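So the protein sequences, as listed, match chains A and B.
1494 is the number of the first residue of the first sequence in my numbering; add one for each residue after it.
12 is the number of the first residue of the second sequence in my numbering; add one for each residue after it.
Some hints here could point you the wrong way.
As the list claims (entries may be wrong) - In the SDA-like style, the derived pairs of lysine to any residue whose C-alpha atoms are separated by at most 25 Å in a straight line are:
#, chain 1, residue 1, chain 2, residue 2
1, B, Lys22, A, Gly1693
2, B, Lys179, B, Phe249
3, B, Lys237, B, Glu266
4, B, Lys167, A, Trp1646
5, B, Lys22, A, Asn1600
6, B, Lys260, B, Lys237
7, B, Lys167, A, Asn1600
8, A, Lys1545, B, Glu92
9, B, Lys116, A, Val1691
10, B, Lys116, A, Gly1723
11, B, Lys49, A, Arg1697
12, B, Lys22, A, Arg1697
13, A, Lys1545, B, Lys49
14, A, Lys1721, A, Thr1675
15, B, Lys22, B, Glu83
16, B, Lys116, A, Asn1600
17, B, Lys116, A, Thr1705
What the hints assert, rightly or not - Short derived list, chain B residues pointing at chain A, Cβ under 7 Å:
#, residue
18, His47
19, Leu50
20, Tyr71
21, Gln72
22, Arg73
23, Phe74
24, Thr78
25, Gly94
26, Lys104
27, Asp106
28, Pro117
29, Ala118
Calculated from the structure, these hints are not laboratory results.
In this text, all values refer to a predicted model and were calculated from it rather than measured experimentally.
Backbone N, C-alpha and C define an ideal beta-carbon position, used for all residues, glycine too.
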Amino acid sequence: MRDFVQSLKTGAPQPYSEARGLLDSPGTSEGFSGEAFVDPSRKFATRFELAKCIHERVPLLRHRNPTRDAGLWAWLALLWFEQLCPSAPDGRLEPREMQRYVPEVDNFQRYYRHLVLGPFLVFSSQGEDGMCMLCQAPHIHPDIAEQLMGRQWIIQARALIGAATQLYYDRSTRKVRTGATTYKGTSARGGVRRMVLVAGQFDRTYDHFACTPESFQQLLPKEFDRYKAGARSS
Amino acid sequence: MIRTLNFTDRKSIRKEHVRITVRPGALEAPPTFDAHLKLESYGFPRDARVFVEAYRQSAYQRFAFATIENLESPEDRALTEFGTGDGVLFRVKVDGPEGDPSDPKPARLLGEALQIRPRFAGRRKSLLAIEPGEFRDQVWLLETAENSDPLLYVSKHLAPNSNALAKKPEFVSLVLPEIFRRVLGEALSSGADPDDSPDHWACKWVRLAVALTGNRESPWELEEGKQAEWIAEAVRGFAHRYRVAERFKKWDSRES
């Protein structure tokens, strides 16, 4: 898998049709005690759809520790590689960093960047409350996910993730609100980066794991009013 | 200069006051855990609520251990979110007493212990576990208790790699024999019964001492003075086995 992704970055890319052989070759893939059917031709409009599909099937594999099994996620990424890899106008596949396709499950700073495992983890732990990180196309690792999942204590706190979706996900457009991930200038005020910082300050005083998205929102200062108003109206 | 100001009165619970043991589940069952918390010395309000949280990456579970006054493990301590216990860390939180339900503010945090690494029951392990300690005023601290294995804490501020320190010739030659002596002393006064509870930590340490000296005489029934002699002989056996004098000479000649 690594060789295939690497080859796409060189002048002599290995054809995807050839790399797909890894999926059922006994030398590179092995079975589980349980069985689940996945449709290789299925197209996913969003990370949410992808995560939901996997979430329904993973328990059928009867795997005790699926999120720690790098091979499982690399296999799934290869299965739907054409959807997960951006392509140039001429159709050439242009992969991004290796961890998006082959997960680094033991690296707490990178594991969530995998394009199948990342959405799966958000969906399994947050469900629709994690929609602000799941509404994007499957080949995208969104900045909002980087900001929220990059801090373990935030991704574990359901109230904070719920609040982030209430504030930054627009249910009418099904997209993240404009400006939510801006990182500089006045338009960054009240954005997700500020939310992470402010939550870090509150974390010294309050137990976020004992609060609700609404009670967390009430703590937020005035700079978040723009997003709070949006949350109320949608 | 960056200063850390704590206006919240939040207390850091020392890692040596929290002991978590993860036990594998039977067959397909998830692992469970036991928590041993020593929170009496912190002065938390009696009705403050205690929580133990298990976490790994995005997975998270929270368990209510009732209040400071009536610390009680919940019946269900299954780590259902984790598959196996590998890589799971724990936090302990003490929250303020339950307040007015109409107050929307989250619970106030009174104290916490972060990044607690659990022990794993049933795995082969060293007789003396080494854990990083929060203290800065001494290098190491030996903790013994009647019903839990001895634990060597090494200041994480003075020696960030505690396992490496324990293998250094300086430590092996100057410190370990004394630790061995102290643990054996504690073992013989622990009240453990080698016939009834051969897996008790005290019995394991005494068996190690017997193996080192070859002295088959049972130390359990000896008088106090004789026990001290028995321990001294065991420490000599330890020093001989681990070439303490040789290691000392080697690093001492390097230093001078």
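Would you settle whether the hint for leucine 50(B) is holds or violated, based on the nearest Cβ-Cβ distance to chain A being less than 7 Å? 16 Å, violated
Pairwise hint evaluation, tryptophan 1646(A) against lysine 167(B), where the allowed Cα distance is 25 Å at most: 22 Å, holds
25 Å Cα cutoff - pair lysine 49(B), arginine 1697(A): Status holds; Cα separation ~22 Å.
Taking 25 Å as the top limit, are the C-alpha atoms of lysine 260(B) and lysine 237(B) close enough? 31 Å, violated
Hint validation: threonine 78(B) versus chain A, beta carbon distance must be below 7 Å. Holds or violated? 14 Å, violated
Check the hint pairing lysine 237(B) with glutamate 266(B) against an upper bound of 25 Å on the C-alpha distance. Between lysine 237(B) and glutamate 266(B) the Cα gap is close to 38 Å, so the pair fails against 25 Å, i.e. violated.
Taking 25 Å as the top limit, are the C-alpha atoms of lysine 1545(A) and glutamate 92(B) close enough? 17 Å, holds
Please work out if lysine 22(B) and glutamate 83(B) have their alpha carbons no farther apart than 25 Å. 21 Å, holds
Take the C-alpha atoms of lysine 1721(A) and threonine 1675(A), compute the straight-line distance between them, and say whether it is at most 25 Å. Within the cut-off at roughly 17 Å; holds.
Need the status of pair lysine 179(B), phenylalanine 249(B): alpha-carbon distance at most 25 Å? Given pair lysine 179(B), phenylalanine 249(B) holds - Cα atoms ~16 Å apart, limit 25 Å.
Hint proline 117(B) vs chain A: min CB-CB distance below 7 Å? 3 Å, holds
Given the hinted pair lysine 22(B) and glycine 1693(A), is their alpha-carbon gap at most 25 Å? Answer holds: lysine 22(B) to glycine 1693(A) is near 17 Å, not above 25 Å.
Violated hints for the displayed structure, listed by number in ascending order: 3, 5, 6, 13, 16, 18, 19, 21, 23 and 24.
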